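Protein chains in written order, with my numbering: chain X, 1 to 213; chain G, 1 to 251.
None of these hints come from the bench; they were simulated from the model. Take the hints with a grain of salt, since some may be wrong.
Said to hold, decoys possible - In silico lysine to aspartate or glutamate, EDC-like type, Cα no more than 20 Å apart, as pairs: (1) K110(X) <-> E72(G); (2) K114(G) <-> D88(G); (3) K71(G) <-> E30(X); (4) K243(G) <-> E93(X); (5) K105(X) <-> E30(X); (6) K143(X) <-> E164(X); (7) K28(X) <-> D88(G); (8) K28(X) <-> E164(X); (9) K110(X) <-> D42(X); (10) K110(X) <-> E93(X); (11) K132(G) <-> D143(G); (12) K28(X) <-> E67(G); (13) K159(G) <-> E139(G); (14) K114(G) <-> D174(G); (15) K134(G) <-> D174(G); (16) K215(G) <-> D210(X); (17) K159(G) <-> E192(G); (18) K217(G) <-> E164(X); (19) K109(G) <-> E161(G); (20) K208(G) <-> D162(G); (21) K94(G) <-> E119(X); (22) K94(G) <-> E164(X); (23) K73(X) <-> E119(X); (24) K3(X) <-> E57(X); (25) K71(G) <-> E119(X); (26) K110(X) <-> D236(G); (27) K114(G) <-> E94(X).
Stated by the list, open to error - Just some of the chain X residues that point at chain G, by a computed CB distance under 10 Å: (28) K54; (29) P132; (30) P146; (31) D150; (32) T156; (33) I170; (34) D172.
As the structure is a computational prediction, the values presented were derived from the model and not from experiment. Every residue gets a Cβ at the ideal spot worked out from N, C-alpha and C, and that includes glycine.
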Amino acid sequence: MSKKIVIIDYGIGNIKSMYNAFYNIGFKPELTSDNRTILNADAVVLPGVGAFSKGMENLNESGLHQTIHEFIKKGNPFLGVCLGMQMLLDDSEEFGLTPGLGLIKGRVIKLPIQPNSIEKLPHVSWNELREPREGRWDGTILKRVPVNIDVYFVHTFIAVPKYEEDILAISDYGGINFCSAIHHENIYGTQFHPEKSNQRGLSILQNFVDLIK
Amino acid sequence: MIKTRLIARLDIKNEFVIKGIHLEGLRKIGDPLMLAKMYYESGIDEIIFMDSVASLYGRNNLFNIIENACKEVFIPITIGGGIRSIHDIDAALKSGADKITLNTQAIKKPELIKEASRIYGSQCIIGSIEAKRKGKSWEAFIDNGREQTGIDAIQWASKLEDLGVGELCITSVDREGTKKGFDIELVQNICEIVNVPIIVSGGAGSTKHISDLCKQKGVSAVAVASLLHYNLASVDQIKNAMKQDGIVVRI
């Protein structure tokens, strides 16, 4: 049976890129905000760029907040990308303090770049992924991914998970180590854009699909 | 380590990639989709599509090109030229572009930058500056380098940052298409006062020009056209040369 992949369309960000990336590796994901379709999916992707508060506002108003929680309880794989990953946490300091989905314990903060640093914000670049400890990537979306591969980032805020075990990958910017991917049971998140990180990025999406039981 | 990005700039007129000198005297280079795919496969970090005649809604418009390119090219794609409103930005992003660049309309209507970065996030709004040297300073030009504005390009860069752009793309109209090297002084002046990532375009004629530019503090990316379009250097050759000169690149 073909795998039902759903990309949540909540009126924010470039969801077509995500569709194209999955299509390229042989899948035809559905772009939808329909609660029932999401709940019936084998795997769900929450994309997104832009402001945390706007993203959460859209999820709350459309009832998707609740749907995402319900989907995750089913145990099927879920992937948040960029803002979609950040919204998985408890809250964000982006504009005041905005509550998130609360699926991963922790907070979203601004990259603490020193004012006199030569590094700039937003962090826009290809940058490396590191494994927090050997074997952490086994059986995850980063399985068989070479350590130190370059993936594409564009962001100003970072997720700071409360528990170290939830950190799947670490990257470094301006001397600051930050969490560039998260993993907690069936929940995954990437701060980078796998759909914009060439063939290697696509292989991460393939790994995600492979998690479907 | 973050990487200095090498970007291919494709200037589009009707359905062709074209290339001029000082943004004028345009020559046909080839099919945008084919070139984009070729540069992607050879390891380019990003692609910028610039509509040189701002005919976004004409036949075979840039949105169609981007839509098709995005099906096969999985790196960041930027679209620029002729974007005038939130509606245009929306259409550009929906066609699959990750970022948009604004020049003419930013100067005519600076609030557009503010509004766009609030709606879509500053990460997808690039402020584009076409600068022409004028004695000891530089003037910002609009309409693809054709119209002067009387605005000081350096001050304008700082203003664009305040308005909320996530990156700046600096093109020297004097050097554009000449293959004589970048206007390093212009870049230095802008890098000194702004804190957003800076893409530099206009003048690359050799790998040495690129290395010289990227050694400047504050340059995040370099956009090249002629070098690649005229097969003067391949993506590999440019990146290897950059690497040899101590610049961190994605190989």
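Evaluation of the provided hints:
no.: 1; hint: K110(X) <-> E72(G); result: violated, 33 Å
no.: 2; hint: K114(G) <-> D88(G); result: holds, 15 Å
no.: 3; hint: K71(G) <-> E30(X); result: holds, 16 Å
no.: 4; hint: K243(G) <-> E93(X); result: violated, 38 Å
no.: 5; hint: K105(X) <-> E30(X); result: violated, 29 Å
no.: 6; hint: K143(X) <-> E164(X); result: holds, 19 Å
no.: 7; hint: K28(X) <-> D88(G); result: violated, 28 Å
no.: 8; hint: K28(X) <-> E164(X); result: violated, 35 Å
no.: 9; hint: K110(X) <-> D42(X); result: violated, 33 Å
no.: 10; hint: K110(X) <-> E93(X); result: holds, 7 Å
no.: 11; hint: K132(G) <-> D143(G); result: holds, 13 Å
no.: 12; hint: K28(X) <-> E67(G); result: holds, 17 Å
no.: 13; hint: K159(G) <-> E139(G); result: holds, 14 Å
no.: 14; hint: K114(G) <-> D174(G); result: violated, 29 Å
no.: 15; hint: K134(G) <-> D174(G); result: holds, 10 Å
no.: 16; hint: K215(G) <-> D210(X); result: violated, 43 Å
no.: 17; hint: K159(G) <-> E192(G); result: holds, 14 Å
no.: 18; hint: K217(G) <-> E164(X); result: violated, 35 Å
no.: 19; hint: K109(G) <-> E161(G); result: holds, 15 Å
no.: 20; hint: K208(G) <-> D162(G); result: violated, 33 Å
no.: 21; hint: K94(G) <-> E119(X); result: violated, 30 Å
no.: 22; hint: K94(G) <-> E164(X); result: violated, 37 Å
no.: 23; hint: K73(X) <-> E119(X); result: violated, 40 Å
no.: 24; hint: K3(X) <-> E57(X); result: violated, 30 Å
no.: 25; hint: K71(G) <-> E119(X); result: violated, 32 Å
no.: 26; hint: K110(X) <-> D236(G); result: violated, 35 Å
no.: 27; hint: K114(G) <-> E94(X); result: holds, 17 Å
no.: 28; hint: K54; result: holds, 8 Å
no.: 29; hint: P132; result: violated, 18 Å
no.: 30; hint: P146; result: violated, 13 Å
no.: 31; hint: D150; result: holds, 4 Å
no.: 32; hint: T156; result: holds, 7 Å
no.: 33; hint: I170; result: violated, 13 Å
no.: 34; hint: D172; result: holds, 7 Å
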